[in-house]
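Participant: Next come the chains, spelled out residue by residue.
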Amino acid sequence: MTTNNTAIQAEALTKRFGDFTAVDAISFEVKKGEIFGFLGANGAGKTTAMRMLCGLSIPTSGKASVAGFDVYKQTEQIKRSIGYMSQKFSLYEDLTVRENIRFYAGIYGKSDAFIKEKTAFLLRELHLEGEANKLVRSLPLGWKQKLAFSVAIFHEPEIVFLDEPTGGVDPVTRREFWNMIYKAAESGITIFVTTHYMDEAEYCNRVSIMVDGRIDALDTPAQLKKTFEARSMDEVFLKLARKAKRSGD
Amino acid sequence: MKQFISFVKKEFHHIWRDKRTLFILLGMPIMQILIFGFALTNEVKNSQIAIFDQSNDAATQALRTELDASRYFDVVQDIHSYPEIEAAFKKGAIKLAVIFPENFANDLDHFNTAQVQLIADASDPNVANTLTNYATSIILDYQDRITNNRRLPYTIKAEMRMLYNPQLKGAYSFVPGVMAMVLMLVCTLMTAITIVREKELGTMEIMLVSPMRPFKIVAAKAVPYLLLSIVNITSILLLSVFVLDVPINGSLLLLIFEGILFTLTCLAFGLLISTKTDSQQTAMFIALTGMFLPTIMLSGFMFPIENMPLPLRVISNIVPAKWFYYIVKEVMIKGLGIGAVWKETLILTGMLLFLLVLSIRNFKIRLA
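Heads up: the sequence lines are chains A and B, in that order.
For the first sequence, my numbering begins at 1 and goes up steadily by one.
For the second sequence, my numbering begins at 250 and goes up steadily by one.
Don't read these hints as lab results, they were simulated from the structure.
Within a straight-line C-alpha distance of at most 25 angstroms, the following computed DSS-like cross-link-like pairs (lysine-lysine) qualify:
1. Lys88(A) with Lys525(B)
2. Lys465(B) with Lys88(A)
3. Lys258(B) with Lys110(A)
4. Lys110(A) with Lys144(A)
5. Lys448(B) with Lys144(A)
6. Lys258(B) with Lys116(A)
7. Lys134(A) with Lys258(B)
8. Lys88(A) with Lys258(B)
9. Lys268(B) with Lys134(A)
10. Lys110(A) with Lys465(B)
11. Lys465(B) with Lys258(B)
12. Lys144(A) with Lys258(B)
13. Lys110(A) with Lys251(B)
14. Lys448(B) with Lys88(A)
15. Lys144(A) with Lys116(A)
The whole structure should be built from the sequences, with the hints applied where relevant.
Facilitator: Given below as structure tokens:
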């Protein structure tokens with residue numbers, strides 16, 4: 001079922017909490033190296049769906065595989081193959097840049113030689129050589145965000161999950177951040193990203209829009225705009241989100 | 250193992266960077282031992298007393314000298330009328346007044362009985378009690394000496410011996426108490442806070458998405474605080490032996506083993522709190538009210554459990570510090586071995602396992 005070209009596959013994936021169906025039989029496929037936008041209003045079920053794919057939550061029913069591993073039985077292998085970055089950037093402010101990198105590489109069990117070499121490369125790439133031994137606290141927000149992303153893909157995962165990674169960041173920095181995402185995608189990493197910014201949805205290869213736990217639309221941004229007779233992704237989103245019965249949380 | 254080591258390293262970085270907290274964690278036991286040792290003591294030394302001697306004979310002179318010579322009293326004032334006594338108390342100049350009536354020696358010689366009045370400042374009842382006891386025993390001593398010369402027909406003499414703590418030093422009971430308190434504070438409070446902080450920061454999520462197993466995360470969190478606790482146990486023991494002259498009569502090894510057992514129990518409790526809370530404030534509040542207060546009130550360290558009403562006595566049994574306090578007293582002060590404390594050790598072990606199982610189960614539920 002999972003071809004070599006597929007990074008994530010979900011079939012009727014469902015999660016219920018008691019009577020409440022947070023994720024209602026969603027099906028989709030993400031290709032390797034693709035930038036996949038995962039959109040939806042607050043409370044639409046994005047986070048729950050993402051948690052299932054990351055192996056943090058066991059689905060109630062349906063099938064899904066991530067990097068070729070089953071979300072029911074092979075969560076350990078999944079965790080080894082993915083990276084994750086959340087809105088909070090998840091760096092330790094009281095640790096230096098270098099210590100943060102070493103820590104996250106360490107919990108993925110990377111060798112010292114690998115960590116050393118890649119850290120040097122990364123610091124050069126981000127122009128952070130001068131700041132390597134400074135506390136993360138002292139970095140500007142935009143740098144923290146870039147560093148967090150670099151840390152999330154440091155262990156060279158097949159897929160990286162980005163949960164609203166650009167929250168609270170200015171447009172220029174967001175643009176730069178998306179350049180990093182493109183670069184990562186070019187190197188073969190699959191990007192699975194949730195966002196609230198509709199201009200960012202335009203940057204994705206394909207976009208899915210969740211409403212009330214279901215995926216109501218899934219296509220390239222251009223095709224979606226055509227289908228919904230909209231000028232922008234913003235309009236597409238509004239047309240779909242208006243149907244929602246659940247209120248945001 | 251590599252994962253584990255980099256995690257522990259990170260924890261040490263956190264602790265090391267937060268110098269203020271580190272200073273409190275390591276300085277607190279030292280401060281507490283010194284404060285309890287030198288300031289908060291039940292012993293009363295060199296209390297200022299006044300004497301109203303209306304007889305002024307050989308017997309009252311001798312008693313006066315006895316009182317003044319003891320290390321408990323300093324005679325600072327001679328009083329010549331009753332109103333003066335009250336004035337002295339009101340000024341706070343004296344804690345105790347000793348009043349000899351007229352013809353004291355004469356009465357003693359001819360009627361074989363004489364009276365002496367002790368007036369104490371009972372605005373602090375404990376001190377007043379202690380002072381009158383000391384004064385009474387000095388007077389009785391004197392009486393013993395003079396009756397030796399003229400044998401009374403019947404006398405019963407109670408001879409007292411204070412076992413394990415012949416000088417009745419307060420340090421013997423608060424060293425174990427401070428140990429329980431400090432370990433509780435460092436371990437329960439700090440583990441709870443540091444795990445909950447990771448939740449607040451969102452870093453816990455990253456950890457759970459990583460291949461690191463939850464059990465390892467928890468263990469790595471505990472290691473630095475276990476080490477800190479061992480440092481604290483050592484500094485408390487060193488201070489009590491070399492500064493407060495409290496001996497370690499039992500096996501040091503057993504004492505340290507029990508200390509580690511108690512530390513682990515506290516860590517497990519902190520872990521349980523962290524699985525149940527989402528903010529550092531809540532965690533701190535629960536740790537303080539749920540553990541710190543019972544440790545102080547119900548461990549027997551401040552207030553004797555035997556005197557409590559039944560419900561409190563029953564509740565005190567679930568306070569780990571009570572058992573640890575008991576064990577440390579038996580081992581350190583009485584010098585007893587594992588034979589005397591195996592039951593308490595078993596209870597602590599049981600509590601540790603119970604808390605561990607409960608918190609690991611909770612930890613997993615959060616993941617599902």
